[in-house]
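Asker: Chain residues, written in single-letter form:
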Amino acid sequence: MADRVIWVHDYAMRSTSPAFARAPQSPAIFVFDEEWIASEGLSLKRLVFLYECALEMPVSIRKGAVVETVLAFAREHGASEVVTTACVSPRIREQVQRLRGSIRVEVVEDEPFVGFDGRGPDLRRFSRYWSKAERRVFEGADRGRGELLTAGTRGGAGR
Amino acid sequence: MSRQAQDNEGSGADLRRDFARREDLVAYLRAVFPGATGVTDERVSETRGGRPEGLARLCAMRPREYGRTRNFFDGAVTGLSAYLRHGCVTLAEARDAALAIVDRDEDAHKLVQELAWRDYYQRVYDAVGEGVWRDREEWKTGRPASSYAREAPPDVLAGETGLACMDSFVRGLVENGEMHNHARMWFASYLIHWRGVHWAAGAAFFLEHLLDADPASNNLSWQWVASAFSHKPYFFNRENLERYTGGAHCAGCARAADCPFDASYEALERRLFPATIEGRERRG
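Protein chains in written order, with the working numbering: chain A, 323 to 481; chain B, 57 to 340.
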């Protein structure tokens, strides 16, 4: 039994995602969304890629209707809450809303690439966005983490 | 369908996680998803999913070379897009890694800016949602959007146009789920501006196959080429394509003698967008 389960969607397929950090040790699930697969006509190679992403995470892998399958998974574990990572996809957002009709859902924000105080950037053109974002993107870098991620590769070709 | 796959049909049953070989996984997925496109194809993309592979690509980035060569077919591209799309690695991690690899920040500037394009498109997606399927702006091609065909012609989708470049791009897309970014622009431009097909038909074709397919980056880039999300339509000529591909396609192309791209930009603009030229000339 568990208080919470983690729902991993196809925009946060890593075991270091905020949802896993928020509910460590909780049972987790990834669902192959059969409606999406049919409507977008997803090819086998995309499914293989998704499956390999899922295999790298501590998750139960299932297929079917996403909302119903996640709810059934929560019931199996006696959980009263679903934790997931925020995402801008309207498909995922709609599923979150439908889940909320039946169970408590906590949506944890993913790490931002760049943050803005107050009003966000003008999105009419990339150039407008970039003029406001550029300095912040570099200032916001976590250089210590960069060193860790690339440990052992420094001094290689093409620096 | 295998017995194993049938056993997993019911609700509450986990799909398998134990595969000794990749071929076993692929065979299993053929049985579990018999309706998927390409399920009868002999092979799938060699590109493996998962965070470990994404991290390996982070470490293999060559940011300085990327900045100089990314538009070339043999350029130092990162192959990260499918991993970013699925959140195997984050944009912030990719930036942090790129800055750690170079000695000076400016050597990673172009790569970081390309990462920012993805962030930008995600922000637009956040704001407009399914609106990424609708024209963001009026087209600037001199033709009404409604005059473009809603379906791509079969010869283009089958990679049988006779144009070695375009057919090769489609084969790579369908077989490997990948297409170089520059080839995406050329192909989109060919489909929209030479063949008169609406960007949404091309966008749907890409979503079916690209391993990095995301409606935001994908559709908005198609709109950029079409001129529905930019100031003017994007087009190219043979000289440009030959330069960045090292002439790999043109050498053996059956249509090299009647190449539709073999002209100056001025001549192509007159051919492809006559109404905008006339409008400009009338206004003096």
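Honestly, the hints are just simulated from the structure, not real lab data.
All values derive from a computational prediction rather than experimental measurement.
Honestly, I wouldn't trust all of these hints.
[What the hints assert, rightly or not] Partner residues are not named here, just some residues of chain A that face chain B (Cβ under 10 Å, in silico):
| id | residue |
| --- | --- |
| 1 | Tyr333 |
| 2 | Ser339 |
| 3 | Ala360 |
| 4 | Arg420 |
| 5 | Gly423 |
| 6 | Val427 |
| 7 | Val429 |
| 8 | Val430 |
| 9 | Glu431 |
| 10 | Gly440 |
| 11 | Pro443 |
| 12 | Phe448 |
[As the list claims (entries may be wrong)] With a straight-line cut-off of 25 Å between C-alpha atoms, the simulated SDA-like cross-links for lysine to any residue are:
| id | chain 1 | residue 1 | chain 2 | residue 2 |
| --- | --- | --- | --- | --- |
| 13 | B | Lys196 | A | Arg447 |
| 14 | A | Lys454 | B | Asp70 |
| 15 | B | Lys166 | A | Arg326 |
| 16 | A | Lys385 | B | Lys166 |
| 17 | A | Lys385 | A | Arg447 |
| 18 | A | Lys454 | B | Tyr122 |
| 19 | A | Lys385 | B | Lys196 |
Yeah, the Cβ is synthetic: ideal placement off N, Cα and C, and Gly gets one too.
Asker: For every hint, state whether the structure bears it out.
Answerer: Evaluated hints:
{"no.": "1", "hint": "Tyr333", "in the structure": "holds, 5 Å"}
{"no.": "2", "hint": "Ser339", "in the structure": "holds, 7 Å"}
{"no.": "3", "hint": "Ala360", "in the structure": "holds, 7 Å"}
{"no.": "4", "hint": "Arg420", "in the structure": "violated, 16 Å"}
{"no.": "5", "hint": "Gly423", "in the structure": "violated, 19 Å"}
{"no.": "6", "hint": "Val427", "in the structure": "violated, 18 Å"}
{"no.": "7", "hint": "Val429", "in the structure": "violated, 13 Å"}
{"no.": "8", "hint": "Val430", "in the structure": "violated, 13 Å"}
{"no.": "9", "hint": "Glu431", "in the structure": "violated, 12 Å"}
{"no.": "10", "hint": "Gly440", "in the structure": "violated, 15 Å"}
{"no.": "11", "hint": "Pro443", "in the structure": "holds, 8 Å"}
{"no.": "12", "hint": "Phe448", "in the structure": "holds, 5 Å"}
{"no.": "13", "hint": "B:Lys196 - A:Arg447", "in the structure": "holds, 16 Å"}
{"no.": "14", "hint": "A:Lys454 - B:Asp70", "in the structure": "violated, 46 Å"}
{"no.": "15", "hint": "B:Lys166 - A:Arg326", "in the structure": "violated, 42 Å"}
{"no.": "16", "hint": "A:Lys385 - B:Lys166", "in the structure": "violated, 40 Å"}
{"no.": "17", "hint": "A:Lys385 - A:Arg447", "in the structure": "violated, 39 Å"}
{"no.": "18", "hint": "A:Lys454 - B:Tyr122", "in the structure": "holds, 24 Å"}
{"no.": "19", "hint": "A:Lys385 - B:Lys196", "in the structure": "violated, 44 Å"}
Checked against the numbered hints above, the structure violates hints 4, 5, 6, 7, 8, 9, 10, 14, 15, 16, 17 and 19; every other hint is satisfied.
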